[in-house]
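S.K.: So you can see what is in the structure, the chains are spelled out below.
Number of protein chains: 4
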Amino acid sequence: MTAQDRLQELRSQVDTINLQLLDLLSKRAQIVTQIGKVLEELGGEHYDPMREAQMLTALEMANKGPFSNETIKALFRELFRASLALEEQQSRAKMRVQRKAKDERTIIQLPNGAVIGDGSFQLVAGSCAVESYEQIDEVGAALAARGVKIMRGMAYKPRTSPYEFQGLGEQGLQIARQVANKYGMAVTSEIMDQSQIPLFMDYVDVFWVGARNMQNSFLLKALGKINRPVILKRGLAATLEEFLYAAEYIVSSGNPNIILIERGIRTFEKWTRNTLDVGGVAVLKLESHLPVVVDISHSAGRRDIAKPLARVAKAVGADGLMVEVHPNPPVAMSDAKQQLSIPEFNDLMDDLAAPI
Amino acid sequence: MTAQDRLQELRSQVDTINLQLLDLLSKRAQIVTQIGKVLEELGGEHYDPMREAQMLTALEMANKGPFSNETIKALFRELFRASLALEEQQSRAKMRVQRKAKDERTIIQLPNGAVIGDGSFQLVAGSCAVESYEQIDEVGAALAARGVKIMRGMAYKPRTSPYEFQGLGEQGLQIARQVANKYGMAVTSEIMDQSQIPLFMDYVDVFWVGARNMQNSFLLKALGKINRPVILKRGLAATLEEFLYAAEYIVSSGNPNIILIERGIRTFEKWTRNTLDVGGVAVLKLESHLPVVVDISHSAGRRDIAKPLARVAKAVGADGLMVEVHPNPPVAMSDAKQQLSIPEFNDLMDDLAAPI
Amino acid sequence: MTAQDRLQELRSQVDTINLQLLDLLSKRAQIVTQIGKVLEELGGEHYDPMREAQMLTALEMANKGPFSNETIKALFRELFRASLALEEQQSRAKMRVQRKAKDERTIIQLPNGAVIGDGSFQLVAGSCAVESYEQIDEVGAALAARGVKIMRGMAYKPRTSPYEFQGLGEQGLQIARQVANKYGMAVTSEIMDQSQIPLFMDYVDVFWVGARNMQNSFLLKALGKINRPVILKRGLAATLEEFLYAAEYIVSSGNPNIILIERGIRTFEKWTRNTLDVGGVAVLKLESHLPVVVDISHSAGRRDIAKPLARVAKAVGADGLMVEVHPNPPVAMSDAKQQLSIPEFNDLMDDLAAPI
Amino acid sequence: MTAQDRLQELRSQVDTINLQLLDLLSKRAQIVTQIGKVLEELGGEHYDPMREAQMLTALEMANKGPFSNETIKALFRELFRASLALEEQQSRAKMRVQRKAKDERTIIQLPNGAVIGDGSFQLVAGSCAVESYEQIDEVGAALAARGVKIMRGMAYKPRTSPYEFQGLGEQGLQIARQVANKYGMAVTSEIMDQSQIPLFMDYVDVFWVGARNMQNSFLLKALGKINRPVILKRGLAATLEEFLYAAEYIVSSGNPNIILIERGIRTFEKWTRNTLDVGGVAVLKLESHLPVVVDISHSAGRRDIAKPLARVAKAVGADGLMVEVHPNPPVAMSDAKQQLSIPEFNDLMDDLAAPI
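Protein chains in written order, with this note's numbering: chain V, 1 to 356; chain H, 1 to 356; chain C, 1 to 356; chain S, 1 to 356.
By construction, these hints were calculated from the structure, which means they are not laboratory data.
Possibly wrong hints are sitting among the right ones.
To be verified - Ranges between beta-carbon positions, derived for each pair:
| id | chain 1 | residue 1 | chain 2 | residue 2 | range |
| --- | --- | --- | --- | --- | --- |
| 1 | S | 100 | H | 163 | 56 to 64 Å |
| 2 | S | 27 | C | 111 | 57 to 65 Å |
| 3 | H | 120 | S | 111 | 41 to 49 Å |
| 4 | H | 107 | S | 100 | 47 to 55 Å |
| 5 | H | 64 | V | 107 | 56 to 64 Å |
| 6 | V | 178 | H | 184 | 56 to 64 Å |
| 7 | V | 133 | C | 5 | 28 to 36 Å |
| 8 | C | 184 | H | 68 | 29 to 37 Å |
| 9 | V | 328 | C | 70 | 32 to 40 Å |
| 10 | V | 347 | H | 68 | 18 to 26 Å |
| 11 | C | 62 | H | 68 | 25 to 33 Å |
To be verified - Residues of chain V placed beyond 10 Å of chain H at every Cβ, according to the derived structure:
| id | residue |
| --- | --- |
| 12 | 40 |
| 13 | 53 |
| 14 | 203 |
| 15 | 256 |
| 16 | 286 |
| 17 | 335 |
Just so it is clear, the structure is predicted and the values come from calculations on it, not from any experiment.
Note that the Cβ used here is the ideal one computed from N, Cα and C, for glycine as well.
Looking at chain V on its own, in the form it has when it is part of the complex (with noise of 0.2 Å):
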């Protein structure tokens, strides 16, 4: 027999085996399913890593060769693995976040008629910080020329050290719903703590969650007990999937009207404040239903990039973009280097306006 001969007839022995290993794959998977099931009745947990513990002694103390009891152990626990997420799936939605269908999609309405998530480019704008009627009064005409929608009107900063500015707190969200009123916007203002929740009930239309408290899960449990929209925005060293972890939280919890905002990520680089992760935003409309708004301010921390980055959160399919706008930037009590004075707003949005 030559060498190519046997080749043959080596690799037809594995096919065989390939498909033998299947069907047990797939008995098992039965089996095991009717185990959840069981589990289900008696009020247990899926996982129970004493018994896998059990399962890999077994298998070990049979194995004879030639893997060695790490492979062994290494390729069970992947069957293990695919065996609860198999259960999981099927005695319990996957993550609400994700999408199912190719073009599931969340849409949130606010109660300014304003849509997000449909398919349409909303901005969200407004400056870093509530600092005075004027101020605010003065961007907010100017945002409402520009047909802009939902206004930021933040209160309460949080902020590295004790001794920044922490915002003008009530007085803050009376001024950001006064102004947003008179000009027909929605409010969105950034919650630090539950117990805020019933003060800011009063003021504001869209709960905003910020990068520090991304997971700070009593938070998000609670404002998955409220029937307002939350904007979550990712923490600066977040992975994609704790991001969509902490909208499950909200989600899971009871409220369904969730926006992400990606807003940069912390790495070495020095001559942006952030690195916008714009692969992140095409993986989160690929992986999730909820509409994602691209925060070109933070990621950013310079106004000179805010057109290029304004036509990328069009380009990559993000429901909208975050801009902060100041009467005046290089007196603004917090970020005066990204923050947008209103000529070079009204300059961008004539920029956005150009097809690319």
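Once you have looked at the hints, place chains H, C and S on chain V.
M.R.: Same frame as chain V, now just chains H, C and S:
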């Protein structure tokens, strides 16, 4: 005149100007100090961005080169910053967490007599989570036998997914308290929301703020109002500066007894769960008087390098280390790969006892 | 005198000192400029750290507060840096790769008539590696049919492991050249060592420097001596500043025809292979006159987001994009997950043709 | 039958299937091993992606659930990978740089009698760059007085900017050799291109590959052909796996005498120049038999934490440390902030001599 002579002469002109500049800078600083005092009388903010903008404009208009307006503004902005720092330093203590004298130390006494921050090397140890009384009792006995004084009693687990084990809750706190009392240990447990403070006061000796909550300023401020020590964990992508400012939130709210934990930062490396920032620990010990503890479990995410990392914690001058211990790591409900078994823990203690 | 009046008076004193400081700074800058000229006559370095150390010591000795010696030294160090920058700017052109006029552009002409950098949007496409004539011919035909003018013809593959496929070598270059000639395309191929230059001159229209060699200064300088364009890839953890300096190595050695490629940077994110730094592309287009191309294959590492990333490349103002295409991606010898099949490539081209 | 009984029975069915799977996996592995031998006779590659694609298609067609095709393919891909690993392990040594026996060690002898890798703790020290004979002589005398055996003699400096000091070149090598001979030390110097090998053979005892060249495979392979030890520095964003593979390039080309240096990785942290990956050092010592040295100068970028980091290097089990020493750090032509003065170096040596 030779080139060398001309060089000599030009340089001496520069020397003269340097001293004139110094003289003006000092005069300016004195006046600015007086301005600070007047502003305090008037109840105004030291930092006045509008005033800065005016001064910069005046300089820009007066500038005839050769420095560009950009450069002049950059130089004066540095000067403004230095002046502001001077005022802040004079009117208010600098950051309270910063070391002023070379041997300044925050020494923390626990009710069970344990002391941390006095130059001794303390262990904080215990299972990742309280799963049952038996488990904690078994671990507690092993820890006590090796002289450990501070036990983990984690009852609320911050998890990436809402579907993962979230801890036993109050029952977990009860178990931890009971076991700690039995063996004369202090209990530390992670608090996740300020609403839990009253509950934790009943069970816990040392409050623990996790990495995800490092910048939860509402929680930090609330912990500044209690009279129990707080362990503060570095956020997974927090800079050292942000870490110290987070501690400052607590200290400036009234609670000086903070223990910092370095637990590894997030990087691209995959063979360890995180990257233990040992240089960061050295810098923290240099810059701050607070005790610093090294978490050798979460930083590595693998138990096979626990021993060298424990030696590292001692060598870098940390005030202690944090290590997870479980009676049966492979079946632990969380962090299975990184928890030490009891024999492994004993082995680690033997290794640590030997001089390096 | 009221507090307000005193404030007014103190502030006007500060204004006067500001102008005196400006005057002294300008005088000092003029003298330093003269020193620079003398130093050039003498053949010395502008930067003289010993001289700086002496000046700082003199200032330290003269300083009587209220600024600390630290602050005074920091302020003067800023001044030294500004002075040095001024000298450098005057005696030598600034970085050659930096944009001086707003509309300055490096426009590169290839022998086959393709032009890059003139405002058009060019495609650089082809398989990750040359594996066979048939493969490259099939891809080449597909590319040519869609008007692609620059083809990848990778014959030397930099691989992490010495045991992975290292490329076909000269045979690969021959195949690429042959196919490119057949379809009227230009060939680009990665050079890994300066000793390969003569060989590459026989086959390649555009030299390609990979991410791993971005700071191989011997190779960069050698490529500065040839008269063919060079594509320079950003290192996987290079800052934008380092990237531009790498280009400067080539340009300052004599070759102005450099094309920059952003290919994603290394971060902690796992759902994409790298993180496409789209903000970095915007900054590069702002700061430099060199053409910038976006690599949508390596940055993402997954073909399912190729379309949105291609639109992003166009939207951000890049001069083109780089995409990998393979007749049968699942069996490709490298980068199987990210290469597009020919139908996927055609689909991408259709998508790109539509306005965004 | 009770739920508990049914659970019991279903679980015993799973146990049976597990053993059947194990049996099939072992049989399959034996056949695959035979296939590997036949392939070697035939001169083919073990890894055959086309064959894998065929097998996956066959399984997909045969799969009737309940596992999805995705899951089945994922499980079999794991199996293919395990099989390939088995073949590779059997037909070829695994990575040569990996530790096989627990106490395996590469011990390197230098011509001056110094030994590294034998469990002793060696110092590699000297100025960042050779600037003059006087400077190196002064440092050399100080190092020799403290028993240092390996001296830095850096004559070619890889610099970010082409306009920065690039080293003295051959003159620098001459100076280093002369001083090393005077004090009985070995010289190590950074080589930047394979064309420099003959020159370096005249002057240098230990070749040094810098971080920027860690993946310059042409240089690595060329250094595999010489019979002098090589110090290989980890790239600034290289994973440990990439680092070991870079060493493997040299070792697999014939030169087993490699010393690894961890020099800190690039992260977002700003208070240290890089982040010393001490956990990485622990992992390298576990996984590889090569000596590992800790660079306490570049990793920190600040001399004020040199002492604790030196203790860390010793504590983690490294084979030595690398530290930069300069007669007058503030005026050094490079790395001014991190080089130790001679008194600081002596202080460090005293500190290191004490037990921790």
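S.K.: For each hint, tell me whether it holds in the structure or not.
M.R.: Cross-check of the supplied hints:
1. 100(S) <-> 163(H): 56 to 64 Å: violated (42 Å)
2. 27(S) <-> 111(C): 57 to 65 Å: Between residue 27(S) and residue 111(C), where Cβ atoms are some 59 Å apart, the hint holds.
3. 120(H) <-> 111(S): 41 to 49 Å: Holds - the Cβ-Cβ distance for residue 120(H) and residue 111(S), about 47 Å, lies within 41 to 49 Å.
4. 107(H) <-> 100(S): 47 to 55 Å: Given a distance of about 49 Å, which is inside 47 to 55 Å, the answer is holds.
5. 64(H) <-> 107(V): 56 to 64 Å: holds (60 Å)
6. 178(V) <-> 184(H): 56 to 64 Å: Between residue 178(V) and residue 184(H), where Cβ atoms are some 60 Å apart, the hint holds.
7. 133(V) <-> 5(C): 28 to 36 Å: Cβ of residue 133(V) to Cβ of residue 5(C): about 29 Å, so the range 28 to 36 Å holds.
8. 184(C) <-> 68(H): 29 to 37 Å: violated (49 Å)
9. 328(V) <-> 70(C): 32 to 40 Å: holds (33 Å)
10. 347(V) <-> 68(H): 18 to 26 Å: holds (25 Å)
11. 62(C) <-> 68(H): 25 to 33 Å: holds (29 Å)
12. 40: Holds: least Cβ distance 15 Å, greater than 10 Å.
13. 53: violated (5 Å)
14. 203: Consistent with the label, residue 203(V) stays out of reach of chain H, its closest Cβ about 18 Å off (over 10 Å).
15. 256: The claim stands: residue 256(V) keeps its Cβ more than 10 Å from every Cβ of chain H (closest is about 14 Å).
16. 286: holds (20 Å)
17. 335: Check passes; 12 Å lies beyond 10 Å.
In this structure, the earlier hints numbered 1, 8, 13 are contradicted, and the remaining ones agree with it.
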